[in-house]
Structure formats: structure tokens, C-alpha cells
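Novice: Spelled out from the first residue to the last, the chains are:
Protein chains: 2
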Amino acid sequence: MKDLRKLCIHTITTKPWSIEEAAEHYATMGVGGITVWRDALEGRKISQVGDMLRKHQLDIVSLCRGGFFPAVSAQKRQAAIEDNKKAIEEAAALGAPLIVLVCGAEPAQSLATSRKQIREGIEALIPYAESHQVKLAIEPLHPMYAGDRSAVNSLSQANDMAEMIDSPWVGIAVDVYHLWWDDTLHSEIMRCGRNNHLFAFHICDWKVPTEDMLLDRGLMGEGCINIPEIRGWVEEAGFEGYHEVEIFSKRYWQMDQQVFLTKIKEAYIQYS
Amino acid sequence: MKDLRKLCIHTITTKPWSIEEAAEHYATMGVGGITVWRDALEGRKISQVGDMLRKHQLDIVSLCRGGFFPAVSAQKRQAAIEDNKKAIEEAAALGAPLIVLVCGAEPAQSLATSRKQIREGIEALIPYAESHQVKLAIEPLHPMYAGDRSAVNSLSQANDMAEMIDSPWVGIAVDVYHLWWDDTLHSEIMRCGRNNHLFAFHICDWKVPTEDMLLDRGLMGEGCINIPEIRGWVEEAGFEGYHEVEIFSKRYWQMDQQVFLTKIKEAYIQYS
Chain A
1 MKDLRKLCIH
11 TITTKPWSIE
21 EAAEHYATMG
31 VGGITVWRDA
41 LEGRKISQVG
51 DMLRKHQLDI
61 VSLCRGGFFP
71 AVSAQKRQAA
81 IEDNKKAIEE
91 AAALGAPLIV
101 LVCGAEPAQS
111 LATSRKQIRE
121 GIEALIPYAE
131 SHQVKLAIEP
141 LHPMYAGDRS
151 AVNSLSQAND
161 MAEMIDSPWV
171 GIAVDVYHLW
181 WDDTLHSEIM
191 RCGRNNHLFA
201 FHICDWKVPT
211 EDMLLDRGLM
221 GEGCINIPEI
231 RGWVEEAGFE
241 GYHEVEIFSK
251 RYWQMDQQVF
261 LTKIKEAYIQ
271 YS
Chain B
1 MKDLRKLCIH
11 TITTKPWSIE
21 EAAEHYATMG
31 VGGITVWRDA
41 LEGRKISQVG
51 DMLRKHQLDI
61 VSLCRGGFFP
71 AVSAQKRQAA
81 IEDNKKAIEE
91 AAALGAPLIV
101 LVCGAEPAQS
111 LATSRKQIRE
121 GIEALIPYAE
131 SHQVKLAIEP
141 LHPMYAGDRS
151 AVNSLSQAND
161 MAEMIDSPWV
171 GIAVDVYHLW
181 WDDTLHSEIM
191 RCGRNNHLFA
201 FHICDWKVPT
211 EDMLLDRGLM
221 GEGCINIPEI
231 RGWVEEAGFE
241 GYHEVEIFSK
251 RYWQMDQQVF
261 LTKIKEAYIQ
271 YS
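Chains A and B, in that order, are what the protein sequence lines are.
Counting from 1, one number per residue, gives the positions in the first sequence under the numbering used here.
Counting from 1, one number per residue, gives the positions in the second sequence under the numbering used here.
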């Protein structure tokens, strides 16, 4: 039977739990890794949270999230860079080797302009990322978020950007939810791996119907994404890291989280 | 001032109106063309509807919609082909030179399988389309519909399919709502034009936020799509046809439709 050593869970997946509760329950179940969302750190000394997670033998996979670079005013773009530096400091304090970037989009300007600002924002962060030994992963988001969340909407585009930036500190997070529909996905995953840009792999499922554009993600097996096939592709591309379960769901957040965690484990074993 | 001769409106845009009401109001306003949704024909003799539209000097641009080819069972796929033949007969009776295809997707099978079935379905229709002198336009749909409405989710994919089918009876409908986010859109529109596959051009806007995945399209100018830029691209690609306003909106359907029609006219002149 598949073990849970490569299973990582995002704290937002079990949002009703504090990070202390999440860590205890994940560890008890044998989950290997945890990705920490910044809201879970509020009011805590970050280095102590890192110690707590390591005491539970949870591998800290990444910090979510930086990004949101585009803005009409230069002042706001600078503020975004400062916030990303803060995220890098937090990741270093926590002991997370990676920050996931939701790159941002500004509906008042063209996608081309937003994409240029995203690249410039990431490039401005590289020295800080390197000095803190924290990598950055561009996460291409589903095209339905192109209006306001990310102007990077395909793996092809993320590959282009990572290749243009060309730094060992900048790579890509592949999330099946955002990319499953793309007929170039297999070849773009191979390209991503060849360039050593495949930094993270996120899983969940696309429900039919999807009732909310943000908060109705499905558990693996509940929708129409062929997760084992895409996992096979990332492995074929050389990826050996965690399979990170990232689910935003009003429905699951209303459930007893221990029951939900058991469902995650079963879905992970059976459908991913 | 921009005139309305290239403006075409889809009957579904003013859904609360019967086709007789729509025709009268569109014609009075000086709208050049009409695209007829099949539901608007219910209970009517189709050739008489065609006569009525021509009497109003409305150019009949297309019939919406055929498609929905993929299915797990061969029997259902055959039923879809039969329904598409019926749509071709309706288009011929109406005097519409084109049918728009929402190609369909079947969540119980892979996108690759659905895509193959779509191509086979369209190919099966070509002799019937030719004998009735009705063209077919593949409409690539936004990736958020890949689960259940269309497995054709980018213009690149639609171009591939139209080139593979390689018939003068099969081309593509470009809808800004589905395609605006794509960083390859300009080059794919050029490719589409070069191959004489650019059969139709649909406009509306992407609202931020979008509150419903199906029924919250915006009027031109209300969202973040640069419609004049994309219109410039289709014209650059040689397109000289209508600019078809296709808006599904609970909000606008609740409005007095004459007020809405005036808004469409103003938005068309100012933002498209």
C-alpha cells in the first residue's frame, strides 16, 4: 500500500484548525510534509512554529504565498516587493526552503503589462532570496483567475518566464487544478523538468459542476482530473518531491476536520 | 461615429424577448445582424422566422448551437450527430449560413478521448453540412468549461483541429470571453485567418469579480478585456464579418430589455 511519506498538506486545507492542531493531527496520521500559509503564523514567533513542526517530524515544504506584483502605481509595486521580502524572511525563520508565488493581475492594465511587472518583481527579489536561501516558485493559475489573481495562466507561460529569469532560485509550482485542461501539459512538464524548474506539485480535483470559482475544489477522485497520469508526468520529468494537497472548500471546512483528514488520506492513496 | 452595420446580437443576449420582439427592436435600432439560438425557434415554422428576420432587414449570421459530441456510449454519440444534422436542417430552413459548435466534454473520460470524439463527430457531419450549404464553426471555450461543456479550450487547439479536418465547411468562432487570457492569442488569430478558418467573432466582457461561471458576462467596457485590440487582430487576420454580442447575464435579463439594448449600442460604439 502507498505510504504517506510523500503526502504534504497545506494548512489552508484544514483551515478551521490552528497550525498547532494541524501539525498534531497530520503527524499522528503519518503525513510527511506541511506547507504553511502565512495566515497560520499570525501572532506567533515564527522560528518557534518551525521548531514545533520539526518536533512533529513534519517536513516544511513551502510557505504560501508571495506574489501579487502588478499594480498601476510604482509605489504599490514597491510595496509588493517589500511584502515579498517579508515573506522571504518568514520562510527563512520558519525553515521553509520555498515560497509559492501567486503572481497577481491588475484588471486596469493589460495582461502584457502585468506579466512584465511580475517578471521585474521576481527579478528584484532574487538577491534577497539567495541571501536567505529561499527559492521562489511561480504558480501558473487557471485562466479564470486572469482578471485579478494571476496573469500567468499556463505552464508554457511560466516556463517562458522562468527561462527568461534564468536563476537557480526561481522555478515553478505545478498545480493540477490550474493546468489539467491544457493539451500541451505533458510536453510543458517535461520542459519544466529539463530546466530544473519543477519545484512543487499540488493536487486536488476539479468538480463537475464547480459551484464557486474559488472555494469549491474537490478531493482527489471527486472530479475529472486524471491525477495519477499527471503525477506520472512530473515523475517522468524527474520530480521527487511532495504531493501537496491544497483544497479550498467551504463544504470541507464545515466538516469535522478529523473526518476530512481521514478522507484526504483515503483519497490520496486511492486517486493520486 | 461608428455605425451599427457590423453589430450582430445573439437572441440569448435579450432572452426575455421573443424572437419577434428581438427582431423588431434590433431593426429599429439599426443593428445589422442577428444570431439565432435554437430555443428562440421553438413552436415556430423556421422558414417563416427566416422571412420575418429578412423583412426586418436583419442579416442572419448564425444558428447557435450544435456540438456536444463526446459521450461514453456510441449510441449517445450517434444521437449527438443526429441532433447536429437537425441543427443543420434548421439553419438551412432559417437561412443561416453557419452553425456555432459548443463541442462538449464528458467528465467520465479523458480530454484526449473527448477531443477525438469531437473531431470524429464534426467529420461525420461534413457531407450533410455541404449538401445544406451550412458551415460549422468550432468555438473554443474557456478552460473553466473543460469539465463539462467543451474539451476544446484554446484557439491553438481549435486551429489544430480545423487544420486536421481540413474542409472549407469547418472553421472557428473566436469569442473574446473564452480566449482573452491567452498569451498566444494574437499569433493564433493570425494563423486562423491565414487558413481561412476565422468564421465568427463574438464579444462581451470579463467582469472582475465574476460571480457566476456561466451567467455573469459583462457588457463591453465593463470588464478587463481589451476588445478593440482583439478586434484589431481579427481584422488584421482578414476578418470582415459581424461583431456578435453574446451576453449571458442574470443581471441584464432582469433589466428592461429596451434599456439593456440601448446600453449594448452605447457599449458597442464606445468599447469595441
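In short, the hints are calculated from the structure, not lab data.
Even for Gly, the Cβ is constructed at its ideal location relative to N, Cα and C.
Some hints here could point you the wrong way.
Straight-line C-alpha distance at most 27 Å; calculated DSSO-like pairs for lysine-lysine [to be verified]: (1) A/K2 to A/K76; (2) A/K86 to A/K76; (3) B/K2 to B/K263; (4) A/K116 to A/K85; (5) A/K6 to A/K76; (6) B/K207 to A/K76; (7) A/K55 to A/K207; (8) B/K55 to B/K265; (9) B/K250 to B/K265; (10) B/K265 to A/K207; (11) A/K250 to A/K55; (12) A/K2 to A/K15; (13) A/K76 to A/K55; (14) A/K55 to A/K116; (15) B/K207 to A/K250; (16) B/K263 to B/K55; (17) B/K250 to A/K250; (18) A/K15 to A/K55; (19) A/K207 to B/K2; (20) A/K15 to A/K116; (21) A/K250 to A/K76; (22) A/K116 to B/K55; (23) A/K207 to B/K76; (24) B/K207 to A/K207.
Covered stretches of chain A (chain B as the covering partner; in silico rule of three or more C-beta atoms under 8 Å from a C-beta of chain B) [what the hints assert, rightly or not]: (25) 146-155; (26) 203-209.
Novice: Now tell me if each hint is right for this structure.
Specialist: Hints, verified against the model:
no.: 1; hint: A/K2 to A/K76; in the structure: violated, 47 Å
no.: 2; hint: A/K86 to A/K76; in the structure: holds, 15 Å
no.: 3; hint: B/K2 to B/K263; in the structure: holds, 15 Å
no.: 4; hint: A/K116 to A/K85; in the structure: holds, 19 Å
no.: 5; hint: A/K6 to A/K76; in the structure: violated, 38 Å
no.: 6; hint: B/K207 to A/K76; in the structure: holds, 23 Å
no.: 7; hint: A/K55 to A/K207; in the structure: violated, 36 Å
no.: 8; hint: B/K55 to B/K265; in the structure: holds, 22 Å
no.: 9; hint: B/K250 to B/K265; in the structure: holds, 19 Å
no.: 10; hint: B/K265 to A/K207; in the structure: violated, 38 Å
no.: 11; hint: A/K250 to A/K55; in the structure: violated, 31 Å
no.: 12; hint: A/K2 to A/K15; in the structure: holds, 26 Å
no.: 13; hint: A/K76 to A/K55; in the structure: violated, 39 Å
no.: 14; hint: A/K55 to A/K116; in the structure: violated, 42 Å
no.: 15; hint: B/K207 to A/K250; in the structure: holds, 23 Å
no.: 16; hint: B/K263 to B/K55; in the structure: holds, 25 Å
no.: 17; hint: B/K250 to A/K250; in the structure: holds, 24 Å
no.: 18; hint: A/K15 to A/K55; in the structure: holds, 21 Å
no.: 19; hint: A/K207 to B/K2; in the structure: violated, 44 Å
no.: 20; hint: A/K15 to A/K116; in the structure: violated, 33 Å
no.: 21; hint: A/K250 to A/K76; in the structure: violated, 31 Å
no.: 22; hint: A/K116 to B/K55; in the structure: violated, 52 Å
no.: 23; hint: A/K207 to B/K76; in the structure: holds, 23 Å
no.: 24; hint: B/K207 to A/K207; in the structure: holds, 23 Å
no.: 25; hint: 146-155; in the structure: holds (count 5)
no.: 26; hint: 203-209; in the structure: holds (count 4)
Taken one by one, the earlier hints fail for this structure at numbers 1, 5, 7, 10, 11, 13, 14, 19, 20, 21 and 22, listed in ascending order.
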